[in-house]
Amino acid sequence: MIEGAFAQAPRVAVWLIDLFTPYEQAESIPGDLLEEFTDLASKSGVASARRWYWRQSVRTISHLVATGFRVALWSVVCAVAVGVLLQWKGSAFPEKAVIAVLDFHRQPHVTPYYTWPQIQARLFWLTYGVLGAQSLMALFTGFVVAAVAKGQEMVATVTLSALIHKYDNVLFVTLCPPCYAGTWEGTNLPRRSPYNITLTRQEREELERRANKYTLPYFMVARAKMILFAQQGLSNDEIADRLSTRREIVSRWRKRFFKKRLAGLEDSERPGRPRVFPPRTGRAR
Amino acid sequence: MNAHQQLMAVRRLTARYFLYIVCLMSGHDYLGEFEHIVILALLRLADRAYGVTVRQEIEVRTGREVSIGAIYATLGRLEMKGYVSSYLGDPTPERGGRSKRFFHVTAKGVAAMNRTHRALHSMTEGLRLARRYSQ
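Listed in order, the protein sequences are those of chains A and B. Quick note: the first sequence, position 250, residue 250 per my numbering, numbers continuous. Quick note: the second sequence, position 10, residue 10 per my numbering, numbers continuous.
Hints are computed from structural coordinates only; laboratory data are not their basis. As the structure is a computational prediction, the values presented were derived from the model and not from experiment. All C-beta atoms, glycine included, are put in the ideal place defined by N, C-alpha and C. Hints are supplied without guarantee of correctness; some may be wrong.
To be verified - A short, non-exhaustive set of chain A residues, derived as facing chain B with CB atoms under 7 Å:
no.: 1; residue: S28
no.: 2; residue: L33
no.: 3; residue: R59
no.: 4; residue: P194
no.: 5; residue: T198
no.: 6; residue: R201
As the list claims (entries may be wrong) - From chain A, some residues computed to sit far from chain B (all C-beta separations above 12 Å):
no.: 7; residue: I29
no.: 8; residue: S57
no.: 9; residue: T215
no.: 10; residue: F258
Bound conformation, chain B alone:
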């Protein structure tokens, strides 16, 4: 590989890298299935959403037992993307003097959720799911 080819390769890589950055910044990111469920749970619980309530809400509504670790892993990911923000509450005796960490959905998170909803809606439009696939 001569010097010119090397330079071209580097340029191509740089261009690809910038494309990647632009893709990231444009924010057209859809939520994963569990992320979607967690954000919906946060919206349902409004200002009393912390680990315990989120876990119980999901367990009651979907009937699947999720671990607190799964919830915090997902919330951490969502927080890194800026879809969710959190603050520490007061410590209480029944938690051994530890604080609660409350979460709420940011405007960006609501936008991402709407985007995912629209995508799902347009994909299912016209399909007669109830008749064709149930039981």
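For reference, chain A alone in the conformation it holds in the complex:
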């Protein structure tokens, strides 16, 4: 049981599942897989549970791709068509733009010759500037394709890079947004804290005593209030607003209370050698 509780699902498989899961099912499919994985890990060992997770992930992803095509065939087709068009019509654009910038100050009929350092600089910018501009172009294409195939980005970009494998970097570029989408709207994060607080009668009395006391240190009062609010079902964000503090702080004390109950609300031990009193004598001054 204990082994199962600390088992970690294969990270790569979890990441792939998160990538391919559409927004509506962001809670149900990964949640179900994780729940069954934990159960399996405690029953028949972590290794076999991990194998099971991988098997399930591969088959689930194939189903998700098929469903994506069936549900949003036209938006996927449009997105792929837009991507092909952009790359076809726009692939010469980066070179042209870089050359235009390089020649901006040069008047061909007045200064016809390059000096050696000029040629070096020009060659440098022609190689690295064009490389950079092409990456930007791929980035742009990736975003446009993802925007057209709203909700089915992965299906569209996988198809696109299968069609023109020269532009595999488009796939790479669209692999990135889901990674930081979590910081935008919390798509990959649980939206409610998993640590549900329920109190026994003694705990509640103790916390209320602390929360109403004038002479306790402020941090004890604030922590007690956090837990009491959490028990009422408020989210970490709301609690942070009410106590004018940050969500991360509420989250920390909620977690510590969930794990160690009242003992979790005390300060933990500081690092370093414990203080001694009285100070040792005979120290050089």
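Starting from the known structure of chain A, arrange chain B on it as the hints suggest.
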């Protein structure tokens, strides 16, 4: 093709399209094999039917390993047809704080299942399957 022929072609197409719509709306749709199994699993599990339990129920009863993706693809299709409805439950720690999605069969779904059962029953009536085809 002259203008009259074109008009007639358009009319024929329109008529066919309406026929298609009527066929869809009359709701005489039978369940596919896996849809049938999933609906039966939902009915067996009653109010505790969500991804994990449905998958395990099917695995235990039919002995075939199905993926969670297959279950959700089928449930999504059934939900689009209005045979199944769903709601989100509470998040739990063993799911990493994610909610469960509970499913239950609607009256329309039960009707479709009965229709499929009747069709299968009338097709197998009089056949002595057990004697003729087993082992």
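Evaluated hints:
1. S28: 4 Å, holds
2. L33: With a closest approach of 6 Å, the L33 (chain A) hint holds.
3. R59: With a minimum Cβ separation of about 4 Å from chain B (threshold 7 Å), the hint on R59 (chain A) holds.
4. P194: 3 Å, holds
5. T198: It is violated, given that the least Cβ distance between T198 (chain A) and chain B is near 12 Å, above 7 Å.
6. R201: With a minimum Cβ separation of about 23 Å from chain B (threshold 7 Å), the hint on R201 (chain A) is violated.
7. I29: 6 Å, violated
8. S57: Contrary to the label, S57 (chain A) does not stay out of reach of chain B, its closest Cβ about 9 Å off (not over 12 Å).
9. T215: Holds, because the least Cβ-Cβ distance between T215 (chain A) and chain B comes to about 36 Å, which exceeds 12 Å.
10. F258: 8 Å, violated
In this structure, the earlier hints numbered 5, 6, 7, 8 and 10 are contradicted, and the remaining ones agree with it.
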